[in-house]
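Residue strings, one per chain:
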Amino acid sequence: MIRSLAWFCADHYGLYSPARESFTRPTPAAEELLAIVNRPVKYFSRMTRETKAGLCAASLVLRDLAPDGTLRQEVGLLAAGEDGCVPANQTYFHDYVTAGRSMGRGNLFIYTLPTSTLGELAIALALTGPTMYVHADRAPLATLLHQAMQLVADGEAEAILTLWSNAEASVCMLLQRDVPGMASIKLPESGSPLEIARAFYDKVSAEASRE
Amino acid sequence: MSPVIVQSDCVTAYGWGTDALWDGLMSGRTAIRTSRRFADRAFLSNQLAEVPELVVRPGESRAMAMLSRLLSPLVNQLDSATPIILATTVGEIEYVEQSVLDESPELAIRARPQMLLGRLKQWLGLSGPGLVFSSACASSTAALTRAAAMITHNEASSVLVVSCDAISEFVYSGFSTLLSLCESPASPFDASRSGLTLGEAAAYALVTRDDRASNQRDAVSVLGWGNTTDAVHMTAPDRYAGGLQRAIGKALTMAKLTPADVDLIAAHGTATLYSDAMEMVAFRAALAEPRPTFSIKGGIGHTLAPTGLLQTIIAARSLSQGVTPPVVGLSIPDESAIGWAHGVPMKLENADVALATNSGFGGVNTAVLLGKRSGK
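Protein chains in written order, with my numbering: chain A, 3 to 213; chain B, 3 to 378.
By construction, these hints were calculated from the structure, which means they are not laboratory data. What you are looking at is a predicted structure, and each value in this text was computed from that prediction instead of being measured. Each residue gets a CB set at the ideal place from its N, CA and C atoms; glycine is no exception. Mixed in with the good hints, there may be bad ones.
Unchecked claim - 20 Å max Cα-Cα, derived SDA-like pairs, lysine to any residue:
id, chain 1, residue 1, chain 2, residue 2
1, B, LYS123, A, GLY157
2, A, LYS188, A, ASP66
3, B, LYS258, A, LYS188
4, B, LYS123, A, LYS188
5, B, LYS123, B, ASP21
6, B, LYS258, A, LYS44
7, A, LYS44, B, HIS155
8, A, LYS44, B, MET348
9, B, LYS258, B, HIS155
10, B, LYS123, A, ARG140
11, A, LYS205, A, ALA155
12, A, LYS44, B, LYS349
13, B, LYS123, A, ILE198
14, A, LYS205, A, GLU84
15, A, LYS44, B, GLY61
16, A, LYS44, B, THR237
17, B, LYS258, A, ARG140
18, B, LYS123, A, ALA141
19, B, LYS123, A, PRO142
20, B, LYS349, B, ASP21
21, A, LYS188, A, ILE198
Stated by the list, open to error - With the C-beta cut set under 10 Å, the calculated list includes, among others, these residues of chain A facing chain B:
id, residue
22, ASP66
23, LEU67
24, ALA68
25, PRO69
26, THR72
27, GLN75
28, ILE125
29, PRO142
Said to hold, decoys possible - Between beta-carbon pairs, the in silico distance windows are:
id, chain 1, residue 1, chain 2, residue 2, range
30, A, PRO20, B, ARG43, 53 to 59 Å
31, B, ILE340, A, GLN75, 34 to 40 Å
32, B, THR255, A, GLY193, 35 to 41 Å
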């Protein structure tokens with residue numbers, strides 16, 4: 003089951019969780035993002051914008067598992083996104099070429115894997131389950147969620163965070179085994195991360211206006 | 003019933019085919035050479051394990067050149083619905099290099115891993131699901147575990163796992179920057195080891211349901227696996243090896259085996275000071291008693307994503323031949339590896355179960371247990 007979902011876009015971010023108070027807010031300035039994560043994070047300032055967005059979204063949904071900030075479950079992390087790490091690769095190699103093609107920058111090179119962002123999130127949030135990038139050529143979001151569900155069902159992790167991102171948005175979901183009585187989230191039939199974020203933004207905004 | 007690897011092959015710096023890799027390792031001679039490929043760059047090392055006789059056509063990537071020749075026996079031979087998983091770290095990285103050097107950012111789109119996946123599917127005549135899979139230097143073993151899970155869940159009767167990484171200026175400069183490269187060929191588990199050597203390779207494994215598998219040479223069952231993350235450091239391993247220990251423990255639990263059942267270890271063995279030390283901490287903690295442990299990286303270098311599949315292939319051959327290859331380049335074992343890693347082939351008696359392990363950037367760890375088809 004999908005227990006909660008958070009999104010992070012250039013202009014808004016938010017959380018949808020049936021078990022907690024959902025919200026949507028304007029995205030704050032870069033220097034205020036760490037307040038969303040709500041825990042000390044080493045090297046936060048050197049993280050890429052995408053990594054910071056993913057970390058903010060992951061932090062929001064993770065509070066369903068660790069309301070007091072202490073994670074007691076083994077949580078894994080699966081990511082998808084059609085760019086893989088191509089933009090980070092371009093950044094590293096451009097810097098290396100500009101510097102004369104003799105020495106690159108380690109701080110850029112370590113982000114040149116599709117799982118680099120996941121590594122940072124795992125360290126920051128103490129996620130010790132499987133960490134993988136999986137992108138399918140058909141129905142990539144459904145495949146990502148299916149792989150996550152399978153890992154949970156097989157006992158490879160107690161919960162999985164899925165991170166779906168592109169240049170416009172990061173969408174993070176918390177998946178767990180079905181828990182009797184606990185509400186789950188249904189996703190739109192299809193959509194990009196931005197469309198998913200918009201759909202839940204609208205849902206949260208509509209619920210807020212009814213109240 | 004466990005999924006079975008019924009068919010596999012590879013290309014490495016020793017040459018084309020599993021026999022070339024096996025014979026090369028058993029010879030004890032390294033395929034790592036002094037290379038002039040990056041001679042005009044000021045890198046820390048000039049050692050490299052390059053695939054020989056590789057014909058790269060204009061506009062083609064080294065990855066595709068390796069894969070198209072390696073996979074040619076499979077073209078139109080598999081059920082077209084067979085799912086394929088491509089495991090890679092950087093894929094066709096030359097397109098990124100070219101996009102920067104030519105100042106044509108739009109070229110980089112060709113480096114997206116799903117582009118390579120699409121070309122492979124077309125080449126092989128496959129129209130089923132395709133997945134790109136990446137988990138740093140544990141990519142191919144992690145992909146193997148997902149293929150095994152797909153078989154276990156009856157989502158497919160066969161899954162093709164393909165893995166490849168080529169060495170380019172991008173990759174070589176990065177590892178040089180991180181001060182990871184050794185000035186001489188890598189010597190895993192040696193007391194005087196000082197870093198890794200990069201190599202390039204491609205490999206594939208066809209995983210099927212047990213009831214569809216015949217007893218081909220080197221066929222092995224995938225008995226159990228574990229994937230974990232250290233959550234400690236982006237590039238350095240957890241010195242207490244907690245993540246790898248948990249991965250091994252999960253694999254044993256899934257396989258319903260005990261540490262005593264493990265007969266040999268195909269270790270990651272990069273030859274970096276800390277990674278090898280971390281692995282030995284994990285093996286000692288998880289398995290207690292020494293058993294023949296080898297690394298293939300003294301022979302063919304660190305091949306990044308495919309390294310796990312290559313270890314799996316050699317572990318399978320070790321089980322069928324009753325002997326493990328020597329750790330090429332090992333002369334005086336590190337104190338922690340004494341009794342485990344050997345510079346000579348080690349004969350096995352009634353060996354049925356092999357453990358293959360990988361670790362990588364971002365703190366990823368994977369452990370896979372492989373069983374001889376007629377074994378435990």
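Going through the hints against the structure:
no., hint, result
1, B:LYS123 to A:GLY157, "violated, 31 Å"
2, A:LYS188 to A:ASP66, "holds, 17 Å"
3, B:LYS258 to A:LYS188, "violated, 36 Å"
4, B:LYS123 to A:LYS188, "violated, 32 Å"
5, B:LYS123 to B:ASP21, "violated, 26 Å"
6, B:LYS258 to A:LYS44, "violated, 39 Å"
7, A:LYS44 to B:HIS155, "violated, 40 Å"
8, A:LYS44 to B:MET348, "violated, 45 Å"
9, B:LYS258 to B:HIS155, "holds, 18 Å"
10, B:LYS123 to A:ARG140, "holds, 13 Å"
11, A:LYS205 to A:ALA155, "violated, 29 Å"
12, A:LYS44 to B:LYS349, "violated, 48 Å"
13, B:LYS123 to A:ILE198, "violated, 30 Å"
14, A:LYS205 to A:GLU84, "violated, 26 Å"
15, A:LYS44 to B:GLY61, "violated, 42 Å"
16, A:LYS44 to B:THR237, "holds, 15 Å"
17, B:LYS258 to A:ARG140, "violated, 35 Å"
18, B:LYS123 to A:ALA141, "holds, 17 Å"
19, B:LYS123 to A:PRO142, "holds, 17 Å"
20, B:LYS349 to B:ASP21, "holds, 18 Å"
21, A:LYS188 to A:ILE198, "holds, 11 Å"
22, ASP66, "violated, 19 Å"
23, LEU67, "violated, 15 Å"
24, ALA68, "violated, 14 Å"
25, PRO69, "violated, 20 Å"
26, THR72, "violated, 14 Å"
27, GLN75, "violated, 13 Å"
28, ILE125, "holds, 5 Å"
29, PRO142, "holds, 9 Å"
30, A:PRO20 to B:ARG43: 53 to 59 Å, "holds, 56 Å"
31, B:ILE340 to A:GLN75: 34 to 40 Å, "holds, 38 Å"
32, B:THR255 to A:GLY193: 35 to 41 Å, "holds, 38 Å"
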